[in-house]
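Chemist: Chain by chain, the residues run as shown.
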Amino acid sequence: MTAVAGRRAAVFGWARFGLLVLFVVVFLIPIYVLLVTSFKPLTEADPSQAWNLPQTWTTEAWRVAWEKLAPGLWNSVLLAVPGSLLSCALGSMNGYVLSKWRFPGADVLFTLFLFGMFIPYQGVMIPLVQLLVSIDQFAGLQGVFYGGIPGLVLAHVVYGIPICTLIFRNYYVTIPDELIEASRVDGAGMLRAYWSVVLPVSGPAIAVVIIWQFTSLWNDFLFAVFLTGPTSWPTTVMLNNIAGAQATPYSQQMAAAILASIPTMLIYVLLGRFFMRGLMAGALKG
Amino acid sequence: MRRARTWLPGLLLVAPSIILIGVFVYGMLGWNFRVAMTDQHDAVSEGEFVGLQNFIDIWDQQRWHLSVNHAIVFTIVFVVGALVLGWLLAFLMEKGIRGEGTFRAIYLFPMAISFVATGIVWRWLMNSGTGERAVGLNRLFDWIGLPQWQWFRDPDWGMAAMALPAIWQMSGYVMALFLAGFRGVPEELREAARVDGCTEWGVYRHVVLPLLRPVTLSALIILGHISLKVFDLIVAVSGKQIITDVPAVFMWVAVFDSNDPAKGATIASYIVLSVAIFVIPYLIWSVRKERRS
Chain A
1 MTAVAGRRAA
11 VFGWARFGLL
21 VLFVVVFLIP
31 IYVLLVTSFK
41 PLTEADPSQA
51 WNLPQTWTTE
61 AWRVAWEKLA
71 PGLWNSVLLA
81 VPGSLLSCAL
91 GSMNGYVLSK
101 WRFPGADVLF
111 TLFLFGMFIP
121 YQGVMIPLVQ
131 LLVSIDQFAG
141 LQGVFYGGIP
151 GLVLAHVVYG
161 IPICTLIFRN
171 YYVTIPDELI
181 EASRVDGAGM
191 LRAYWSVVLP
201 VSGPAIAVVI
211 IWQFTSLWND
221 FLFAVFLTGP
231 TSWPTTVMLN
241 NIAGAQATPY
251 SQQMAAAILA
261 SIPTMLIYVL
271 LGRFFMRGLM
281 AGALKG
Chain B
1 MRRARTWLPG
11 LLLVAPSIIL
21 IGVFVYGMLG
31 WNFRVAMTDQ
41 HDAVSEGEFV
51 GLQNFIDIWD
61 QQRWHLSVNH
71 AIVFTIVFVV
81 GALVLGWLLA
91 FLMEKGIRGE
101 GTFRAIYLFP
111 MAISFVATGI
121 VWRWLMNSGT
131 GERAVGLNRL
141 FDWIGLPQWQ
151 WFRDPDWGMA
161 AMALPAIWQM
171 SGYVMALFLA
181 GFRGVPEELR
191 EAARVDGCTE
201 WGVYRHVVLP
211 LLRPVTLSAL
221 IILGHISLKV
231 FDLIVAVSGK
241 QIITDVPAVF
251 MWVAVFDSND
261 PAKGATIASY
271 IVLSVAIFVI
281 PYLIWSVRKE
291 RRS
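So the sequence lines, in the order shown, correspond to chains A and B.
Numbered continuously in the UniProt record's numbering, the first sequence closes out at residue 286.
Numbered continuously in the UniProt record's numbering, the second sequence closes out at residue 293.
What the hints contain is simulated information worked out from the structure, not anything from laboratory work.
As the structure is a computational prediction, the values presented were derived from the model and not from experiment.
Honestly, I wouldn't trust all of these hints.
Counterexamples of contact, computed for chain B against chain A with all Cβ distances above 10 Å [unchecked claim]:
(1) I58
(2) R153
(3) P155
Pairwise CB distance ranges (calculated) [to be verified]:
(4) B:R288 to A:L270: 36 to 42 Å
(5) B:E290 to A:R7: 27 to 33 Å
(6) B:T130 to A:Q55: 48 to 54 Å
(7) B:L52 to A:V25: 48 to 54 Å
Derived contacts from chain B toward chain A, CB cut-off under 8 Å, selection only [what the hints assert, rightly or not]:
(8) W7
(9) P9
(10) I21
(11) L29
(12) W31
(13) S114
(14) T118
(15) V135
(16) A160
(17) L164
(18) D260
(19) A268
(20) I271
Every residue gets a Cβ at the ideal spot worked out from N, C-alpha and C, and that includes glycine.
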């Protein structure tokens, strides 16, 4: 490389770095606003001080936000933990069969499953409500499936089958067929091979699916707003109601927004690698 | 018979999921379509079959035209915006840069947060107050000498502004897709092109960009289907206002506020159709491609 070309490459390198830093600043602006505003007292909720740091820092808004949001946070835990575990179990079994124990028409079935990943939930909303109401009437359970958390878990698990199946299938394809063959020679049946050969090496895929499902269940709003009642509102619905009330000061709204995001942000920071893989799986391996 | 013995257990193990998908995805799409073809316009009546009448009648409603127009504007701005920004970020990082892990993490983190939570801060950022009452971006723009805007309250450009939070949330994802695409181009191919006398730009133009087409298509499909059913972002930023109405919000209003299941189901059917038109060919194409390889 000549000296001129080298200098030019260095200039380009710095230009690229500068641009990337600029975008970092732009991307972090909303976070700055959330944090700074959430620590402001009511007296500083004035337009002229919109972008300033708080003159007096207070956690008052956080305290109020926590009081208002706590029931929703707990409901979200009750929703997202069992929901993601169930999705994981179903996805793992489907993925195993569709990659290692294929039957005639498995490809067509897989494509039909995948379409479920893209359907707009609006298209199933009205029948889903009617079905859940019927289940409640039939079983004499007022407000359990329609209006309660079990119905919401059911919806998320069912509509999570496609993505969970896809992630597990793509992961299990990488396990050598010979391993399954060997266990069959040893006399293992389908379930035995699953239990003692496939499941023990499924760790990474399980992590991806649980993180992916936990995040989507935690962040979902549409199912929650259609299917739950006030006592079972998860975080997102409660947050929307808190923020929608005109009287709620900005500082409380923003503290509540941060509180609602802490669980998924923690997962992202601690387990970002698996979160990323879930995202890439959603892209159908491009 | 022996062959059936080998695949039957597999089929049995997937059977619960087949039934669930059959009932909850395909059964309910059909059921919704059936409701859309009745005149069940209140909470109590049974509804008679009226064929495609609702699908035609809805075009007489000004609010429907408005929501379709909004969805189109939102989709164009959001999809193009996220694609261009995501591509640019990946392009800038492609050859490796100091602190790449940190950059990637920062561009991606909005994906982990719900639209409802980010809607709260974006509603503040895009507050339409001007002059002395300006907060958010308007106050910031005032300081640095840029004009102030109505943001999502603007009748013409409102939906373009509404796409900003969506771009902020999704462009990191597009970046990750493109970065994986860039890195998937074998170095030998680039080297071969250089040996053949290609300039660096020529290498991009003739080697890298053509190989990125499948990634671009995936990103397009993912962004597009998110865009057509966008709901929580709109509700979180502006509520159920006519000025930012989209089909998904209109459907909610039809079902809950005006108790009109037939109309809600009609809108929902249109949303499903708009997504299906490009997702189904894409799915068939990608499954076939995978089988070939």
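Chemist: Against this structure, judge whether each hint is valid.
Modeler: We went through each hint and held it up to the structure:
No beta-carbon of chain A comes within 10 Å of the beta-carbon of I58 (chain B); the shortest separation is about 14 Å. No Cβ of chain A approaches the Cβ of R153 (chain B) within 10 Å, the least distance being about 16 Å, so the stated non-interface status holds. No beta-carbon of chain A is positioned within 10 Å of the beta-carbon of P155 (chain B); the least distance is around 23 Å. One distance hint, 36 to 42 Å for the beta-carbon pair R288 (chain B) and L270 (chain A), holds here, with the actual separation near 38 Å.
At about 46 Å, the beta-carbon gap between E290 (chain B) and R7 (chain A) misses the expected band of 27 to 33 Å. Distance hint check: the CB atoms of T130 (chain B) and Q55 (chain A) are about 25 Å apart, inconsistent with the given range 48 to 54 Å. Separated by about 52 Å at the C-beta atoms, L52 (chain B) and V25 (chain A) satisfy the suggested range of 48 to 54 Å. Of the supplied interface hints, the one on W7 (chain B) holds, with its beta-carbon coming within about 4 Å of a beta-carbon of chain A, less than 8 Å.
The criterion of a C-beta within 8 Å of any C-beta in chain A is met by P9 (chain B), whose closest approach is roughly 4 Å, and the hint holds. Taking 8 Å as the C-beta contact cut-off toward chain A, the hint placing I21 (chain B) at the interface holds, the least distance being around 6 Å. For the restraint placing L29 (chain B) at the interface with chain A, the shortest Cβ-Cβ distance is roughly 5 Å, inside the 8 Å limit, so the hint holds. Restraint check, W31 (chain B) versus chain A: the minimum CB separation of about 4 Å is within 8 Å; hint holds.
Checking S114 (chain B) against chain A by beta carbon gives a least distance of about 4 Å; that is within 8 Å, so the hint holds. A cut of 8 Å between beta carbons decides the hint on T118 (chain B): the least distance to chain A is about 7 Å, and the hint holds. A hinted interface residue such as V135 (chain B) counts as satisfied when its beta carbon comes closer than 8 Å to some beta carbon of chain A; here the least separation is about 4 Å, so the hint holds. Checking A160 (chain B) against chain A: minimum C-beta separation of about 17 Å lies over 8 Å; hint violated.
Here the hint on L164 (chain B) is broken, as its CB sits about 10 Å from the closest CB of chain A, past 8 Å. A hinted interface residue such as D260 (chain B) counts as satisfied when its beta carbon comes closer than 8 Å to some beta carbon of chain A; here the least separation is about 11 Å, so the hint is violated. Using the Cβ-Cβ criterion of 8 Å, the hint placing A268 (chain B) at the interface with chain A is satisfied: the shortest such distance is roughly 4 Å. A distance limit of 8 Å between C-beta atoms decides the matter here; for I271 (chain B) the minimum to chain A is near 5 Å, and the interface restraint holds.
Hints 5, 6, 16, 17 and 18 from the earlier list are contradicted by this structure; the remaining hints agree with it.
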